[in-house]
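Enquirer: Guided by the hints, dock chain B onto chain A, whose structure is given.
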Amino acid sequence: MAILEVEHICKAFNRTEVLKDISFSLEKGQAVSIIGSSGSGKTTLLRCLNFLERPNKGIIRVGGETLFDAGDPSTQSEAAIRKKRLHFGLVFQSFNLFPQYTALENVMLAKELLASERPDYKARKKEIQEEIHAQAGELLDQMGLSNRTGSYPHQLSGGQQQRVAIARALALTPDILCFDEPTSALDPELTGEVLKVIKELADKKTTMIIVTHEMAFARDVADHTIFMDDGVIVEQGDPRQVFEEPKEERTKQFLSRFTQG
Amino acid sequence: MEQMMEQMPIVVHALNIGFIQTLKLFFITLIGAFPLGLVIAFGSMSKFKPLSYFTKLIVWIIRGTPLMIQLLIIYYFPGLVLHRPIWGSGESGRFLAAAVSFILNYACYFSEIYRGGIQGVPIGQEEAGLVLGMTKSQIFFKITLLQMIKRIVPPMSNEIITLVKDTSLARIIALQEIIWAGQAFMKGSYGISGAIWPLFFTAVYYLIFNGVLTVLLSRLESRLNYFR
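Heads up: the protein sequence lines correspond to chains A and B, in order.
Residue numbering for the first sequence follows numbering that gives the first Met the number 0, beginning at 0 and increasing consecutively.
Residue numbering for the second sequence follows numbering that gives the first Met the number 0, beginning at 0 and increasing consecutively.
In short, the hints are calculated from the structure, not lab data.
Bear in mind the structure is a predicted one, so any value in this text is a computation, not a measurement.
Just to be clear, a hint being listed does not mean it is correct.
[Stated by the list, open to error] Cut-off 25 Å, straight-line C-alpha distance, at most; resulting in silico cross-link-like pairs (DSS-like, lysine-lysine): (1) B/Lys135 with A/Lys82; (2) A/Lys82 with B/Lys141; (3) A/Lys82 with A/Lys56; (4) A/Lys83 with A/Lys19; (5) B/Lys141 with A/Lys125; (6) B/Lys141 with B/Lys46; (7) B/Lys141 with A/Lys83; (8) B/Lys141 with A/Lys124; (9) A/Lys83 with B/Lys135; (10) A/Lys121 with B/Lys135; (11) A/Lys124 with B/Lys135; (12) A/Lys121 with B/Lys141.
Looking at chain A on its own, in the form it has when it is part of the complex:
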């Protein structure tokens, strides 16, 4: 069964329709890459999945559970949405690390806040905090940042900051991890280190949705590729097929700009 099912999502800002009837699904352990030109609705789609935007129409299901149904107001209460967000993780283009916390604290903060709401928190406080601390340390180690745990974001390079942001998103063990152009804000020489850790996550069968302008990466890392244009999914399928034998004229046009360059 699909871990994520997105059905007929529509989203408009005032009169501008940004998403027009988007449907796709995702299996556990799959990585999906979403490509398309700027303004095609890729980022808005990720923001809808993370409940930063509310779709006007459509349904979002995770593991068979309906998280959001535009036609059912009971799925839209603010308190419920907070918990539903935890099914998804989001890595932002601009990192959005918390500047007043160290790398390690950035990774630990949300988990600590969630843990403090547990009924057994007071009794097991020390033990729980040690667990969270150890897990955060492991994640940063996995990101190749074991020697930067005490650094503040402004002391880190863009690539290091983005890797901290990935560790921060992973700390809450989301079902689906979303990347919104994770390398677009980076200097070209720093994109490699970020793409490498995302590749490693894909190899570990992390369920991911990756919006990216790195075409080679979108082709090589993903199990499935979606090409979006003007708020619709123009074409989707196996990355090799989409990149090498695109069926749609618009996909060919879009990809030709990259192969020529």
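Expert: This is chain B only, laid out in the frame that chain A set:
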């Protein structure tokens, strides 16, 4: 000069008493205006339009008129016009009226600084918190607040130093702060009369106190420099 040195201990004693009243007004204003300013800031940022218009109207009136006039109206209006002297008599009544005027006035200025500080924190910070399952209040207290404080320390330092000097405006309703105490030696106080130098000498008190504040506030600013 010799006479001045003789008068010095008496004058310093009187000015100290006045300066204590100045300090009381200064600290009470800060204690009241810090939180009230935050309430006004949230009011003016409210999505409920009538509330935000109402708070903006109040801020406009308070910032648009002289503090001296506000002091006079708040102190005299209830008693002289409405015949309901709500402030009580004597120095304590004058202090109460002065404190209310100053708190209201400074809260309005602070609110605008707070608003700038809150709105200056990038929206991505709140979104990152939301995505990590934090509540709005966790986001405010754990993420936004400190970043806001860092942003507002320099403009707030300015206002705080201005406040030290603005307390002298309370002289207009005869609050016995340091200007009043200095001026008293012109007419006659503690057996000294016709002396204008004590009034001039009050400037030293303001200068020293503001010097101390400047050091403390810049220390706070550099304490917050560990992040950007």
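Enquirer: Does each hint fit the structure? Answer for all of them.
Expert: Going through the hints against the structure:
no. : hint                   : result
1   : B/Lys135 with A/Lys82  : 13 Å, holds
2   : A/Lys82 with B/Lys141  : 19 Å, holds
3   : A/Lys82 with A/Lys56   : 21 Å, holds
4   : A/Lys83 with A/Lys19   : 23 Å, holds
5   : B/Lys141 with A/Lys125 : 20 Å, holds
6   : B/Lys141 with B/Lys46  : 23 Å, holds
7   : B/Lys141 with A/Lys83  : 21 Å, holds
8   : B/Lys141 with A/Lys124 : 19 Å, holds
9   : A/Lys83 with B/Lys135  : 15 Å, holds
10  : A/Lys121 with B/Lys135 : 23 Å, holds
11  : A/Lys124 with B/Lys135 : 24 Å, holds
12  : A/Lys121 with B/Lys141 : 20 Å, holds
In summary, this structure violates none of the numbered hints.
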